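Undergrad: Residue strings, one per chain:
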Amino acid sequence: MKLRYFAWVRERIGKAEEDIDLPENVVSVRDLLVWLKQRDDGYAQALQHPEVIRVAINQEHVDHKQPIGDAREIALFPPMTGG
Amino acid sequence: MTVPVRQIEPLIRVQSDDFDLSVETARLTDGRTDIGAVVAFSGLCRDEGGSLSALELEHYPGMAEVEIARIAGQAIDRWPLQGLSVIHRYGKIKPGENIVLVVAASAHRHAAFEAASFMMDFLKTRAPFWKQEHDAEGRPQGWVEAKAEDDAAQSRWSER
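Line order of the protein sequences matches chains A and B. Its first residue numbered 1, the first sequence is counted upward by one per residue in this note's numbering. Its first residue numbered 1001, the second sequence is counted upward by one per residue in this note's numbering.
Calculated directly from the structure, the hints in this document are not laboratory data. Predicted model only: the values in this text are computed from it and were never measured. Some clues are possibly wrong.
[Stated by the list, open to error] Chain A residues, not near chain B, derived (Cβ > 10 Å throughout): (1) ARG4; (2) ILE20; (3) GLU24; (4) VAL26; (5) ASP31; (6) LYS37; (7) GLN59; (8) GLY69.
[What the hints assert, rightly or not] Straight-line alpha carbon distances no greater than 20 Å define the calculated SDA-like cross-link-like pairs of lysine to any residue that follow: (9) B:LYS1131 to A:ARG10; (10) A:LYS2 to B:LYS1092; (11) B:LYS1147 to A:GLU51; (12) A:LYS15 to B:PRO1140; (13) B:LYS1147 to A:ARG54; (14) B:LYS1147 to A:VAL55; (15) B:LYS1131 to A:ARG54; (16) A:LYS2 to B:PRO1061; (17) B:LYS1131 to A:LYS37; (18) A:LYS15 to B:LYS1147; (19) B:LYS1131 to A:VAL52; (20) B:LYS1131 to A:ARG12; (21) A:LYS15 to B:GLN1141; (22) B:LYS1131 to A:VAL55; (23) B:LYS1092 to A:ALA16; (24) A:LYS37 to A:ALA16; (25) B:LYS1131 to A:PRO79; (26) A:LYS15 to B:GLU1056; (27) B:LYS1131 to A:LYS2.
Note that the Cβ used here is the ideal one computed from N, Cα and C, for glycine as well.
Make the full structure from the sequences, and use the hints.
TA: And the structure:
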């Protein structure tokens, strides 16, 4: 599955995207954030306050309770500041 | 039997290039005699009292277009519009330059005003764009923080 990161989430993790095989116990978006956070310091810094992180699955906004299912692409990013 | 309502197709563009408000307005109104109101909103980069030399806008290619189309679809469902155009720029934008354009056309002013306002409130909070500030010396600074008032402006549309 492809993970994509934007803005300060991208800067803190240190990459814009990566392909990752998730462990079976990662079922929901919340599980994913918890699992990523313990990978290294960059992830820990990016996901220090997981509740503020916005998530899109297959380019559609989802909340943290959403099951990941067979998502092709999951994106993590800060609250948006366009317009 | 219900007669299907013919819905307009919005124009949506995500681009680094500038846009021309009058060209985009004319695109909706040329050759039409049924449009009574056009509301055009453009958002510009401001210099924050001289402390800012540019905004760098990052976006999520693909999702940006799709999400703007979702928001535009909601506006079209909600108001009787005869035209709707949205252009959002990305990349480095200097003070005085355009960032975003919304043009809404309708028979009457209320629909055009409200649809344009609705579009902007949802673009601010749902369209995947992020602004980073560059200081007066051109050095990248922090990311602009999302404002609670923008969330409040968005949620007022669901209270009606």
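Undergrad: Taking only the CA atoms, is the gap from LYS1131 (chain B) to ARG10 (chain A) under or equal to 20 Å?
TA: The hint holds at about 14 Å.
Undergrad: Does LYS1131 (chain B) pair with LYS2 (chain A) here, judged by a C-alpha cut-off of 20 Å?
TA: 24 Å, violated
Undergrad: Would you mind confirming whether the straight-line C-alpha gap from LYS1147 (chain B) to VAL55 (chain A) stays at or under 20 Å?
TA: 18 Å, holds
Undergrad: Should the label of GLY69 (chain A) as a non-interface residue stand, given a Cβ cut-off of 10 Å to chain B?
TA: The claim holds: GLY69 (chain A) sits with its nearest Cβ about 18 Å from chain B, beyond 10 Å.
Undergrad: Is LYS15 (chain A) close enough to PRO1140 (chain B), meaning Cα to Cα at most 20 Å?
TA: Distance ~18 Å between LYS15 (chain A) and PRO1140 (chain B) Cα, so the pair holds.
Undergrad: Hinted pair, alpha-carbon criterion (20 Å max): LYS1131 (chain B), VAL52 (chain A). Please report holds or violated.
TA: Distance ~17 Å between LYS1131 (chain B) and VAL52 (chain A) Cα, so the pair holds.
Undergrad: If you draw a straight line from the CA of LYS1131 (chain B) to the CA of ARG54 (chain A), is it 20 Å or shorter?
TA: 16 Å, holds
Undergrad: Check whether the Cα positions of LYS15 (chain A) and GLN1141 (chain B) lie no farther apart than 20 Å.
TA: Satisfied, since the Cα-Cα distance of roughly 19 Å is no more than 20 Å.
Undergrad: Can you confirm whether the C-alpha distance between LYS1147 (chain B) and GLU51 (chain A) stays at or below 20 Å?
TA: 16 Å, holds
Undergrad: Assess, step by step, whether the Cα of LYS15 (chain A) is no farther than 20 Å from the Cα of GLU1056 (chain B), and give holds or violated.
TA: This hinted pair holds, its Cα atoms lying about 18 Å apart.
Undergrad: Given the hinted pair LYS1131 (chain B) and VAL55 (chain A), is their Cα-Cα distance within 20 Å?
TA: 18 Å, holds
Undergrad: Straight-line Cα separation of LYS37 (chain A) and ALA16 (chain A) no greater than 20 Å?
TA: 16 Å, holds
Hints 1, 7, 10, 17, 18 and 27 from the earlier list are contradicted by this structure; the remaining hints agree with it.
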